[in-house]
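Those sequence lines, one after another, are chains A and B. Position in the first sequence counted from 1, then plus 33, gives you our numbering. Position in the second sequence counted from 1, then plus 33, gives you our numbering.
These aren't lab readings, by the way, just hints derived from the structure by calculation. Among the hints, erroneous ones may be present.
The list treats identical chains as one, so a pair stands whether inside a single copy or across any two.
[Said to hold, decoys possible] Heads up, simulated DSBU-like pairs for lysine-lysine below, C-alpha to C-alpha not over 30 Å straight-line:
1) 350 x 370
2) 276 x 337
3) 276 x 85
4) 276 x 89
All values derive from a computational prediction rather than experimental measurement.
As a plain string of letters, each chain reads:
Protein chains: 2
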Amino acid sequence: MLIIDCHGHYTTAPDAHQQFRDKQLARLKDPSLPAPAPARISDDEIRETIEKNQLKLQRDRGADITLFSPRASAMAHHVGDEATSSAWTRACNDLIKRVVDLYPENFVGVCQLPQSPGVPIANSIAELKRCITELGFVGCNLNPDPSGGHWQSPPLTDQHWYPFYGQMVALDVPAMIHVSASCNPNFHATGAHYINADTTAFMQFIEGDLFRDFPTLRFVIPHGGGAVPYHWGRYRGLADMLKRPALAQHVMKNVFFDTCVYHQPGIDLLVDVIDLDNILFGSEMVGAVRGIDPETGNYFDDTKRYIDALRIAEEDKRRIYELNARRVYPRLDTLLKARNL
Amino acid sequence: MLIIDCHGHYTTAPDAHQQFRDKQLARLKDPSLPAPAPARISDDEIRETIEKNQLKLQRDRGADITLFSPRASAMAHHVGDEATSSAWTRACNDLIKRVVDLYPENFVGVCQLPQSPGVPIANSIAELKRCITELGFVGCNLNPDPSGGHWQSPPLTDQHWYPFYGQMVALDVPAMIHVSASCNPNFHATGAHYINADTTAFMQFIEGDLFRDFPTLRFVIPHGGGAVPYHWGRYRGLADMLKRPALAQHVMKNVFFDTCVYHQPGIDLLVDVIDLDNILFGSEMVGAVRGIDPETGNYFDDTKRYIDALRIAEEDKRRIYELNARRVYPRLDTLLKARNL
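The following block holds chain A by itself, in its conformation from the complex (with noise of 0.2 Å):
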């Protein structure tokens, strides 16, 4: 079988893409600066951050591709205004096709989406578009919160989000949802803005009517979940007070979740209490949580030998690690199958 990890960022990029964004930033201080050009990056430059981390660990690990996106927390929709966030999408996605472009065996790309605060969402359109059609990605990061955890955009059921859910069914992709900085100083990006992004999003599917409208909508909910399996009973009974429909059928036919739960209790659960098809591998790596635990004396974030010890049939595991994915997001499956895989 296939292991596919579909929750890669690219957050060792060459300094080279750093600088650039910074002189986007001073030139939000300072207008009177000339537009920065995306940075000159060489092929080694990215061969020499991936092969270092990603590709290693990818190779350690045991892992066979990696769907690939900008790195999350640096995507930032809350500073400046569209024209910032929309030159900053393009370079972070193009820097993704080019990690592609040199491990294409090893990398699918996912892209960053040029979300700002107060602007339509159709306006990501054309970014989705670019990337999904010409450079050959297979899904995108939607950010339920361009603020940056202030939560001014309206809930994701609500129809200021359908235009971009009209094109992802067209495309037939998947969304990750995924928030990125905090510029609130109560959230923690990856300890609490993160994990309450993910509760949020499916509190909010299960309030909305949202998959009755878009039957093949598809979201993938990042590390694990949040906290809903941990509080699966809590959500099943809020459905039947709230008098939806049982979540199998409301919410479970299009949302997934990811296995970026860091310790092996916490995947036990995940496993216990989710459908097997609604659970995808995902490591993030390397992401929020980089040392090795103590406990065990492996990574925290690999997430493969918690999987791997599930006591659970083979053919079950293939499941969370490549059939869920390949189902999840077509155009992989295409591509794999392009490849006689």
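Got chain A sorted already, so can you dock chain B onto it with the hints?
Same frame as chain A, but now just chain B:
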């Protein structure tokens, strides 16, 4: 052993109490209206609402004592101004005192605070003192987000909160960290805002050094600690990444989780990863999830069943049911000892 439920709210208060609130809200729209007086409620009205609900379920389920506070979702600190919050809070706490006086063997008081957005937390000290020293309550509910889902206060580790913590320490009472209703349409109250607040508070404690400044300050994080136990590896790893001390020393001498997790696998995880000395029995009945789980035939919020089903020693169950609560709420312990319990 005693079965102490650390988390109960008066969610079934007599209609007249809500009518008082409605008059308050009407006056916010039309300040020419007279300031309403708290409702006149008879003992029989209180008996009716308690005996059919919280007391009935307490007996049916086999609990002995509930730490009882005003309805959390109705605190609504974001509504109106400080005077509104203050009058409402006093009426709510006085009503809890009535319940405790009618059923002193079954209920022990925990108070709401007259918080209001932008108002110094020091202004809540007088009501805390009144409830603890005059009404005989044993703890309080502290709202980390009086703005109701906009998160405009500083983090709980900020000096902003210190004057109140000083009083908590002086009175030797813990706070349950409990948000109220959400006026941010992104956050369903009990399905997102509550759980997010729990997760957020815990991460704030990791980032900060609050318990260095207040070594005896104690918090109960409800709803099983939000997402924290499910992501315990993430939090251990983040503490390490942020070069904080190990959680056992840095946070878990001062922070406790209740058992308001409404299915067996969630409780199993909680007890598996969190030290038993940090877990207090709680149900939050009659609360967010009032239905019967079709998978078990029992009420979702009958959390005693999940604890009873654990394969741990009776003495360990006693820690969860009784001993931890007596340690975290010393005034409860004093009160019980005076009754030879």
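Hints and how they fare:
no., hint, in the structure
1, 350 x 370, "within (20 Å within a copy, 54 Å between copies)"
2, 276 x 337, "between (38 Å within a copy, 26 Å between copies)"
3, 276 x 85, "between (51 Å within a copy, 24 Å between copies)"
4, 276 x 89, "between (49 Å within a copy, 25 Å between copies)"
The earlier numbered hints are all upheld by this structure, with none contradicted.
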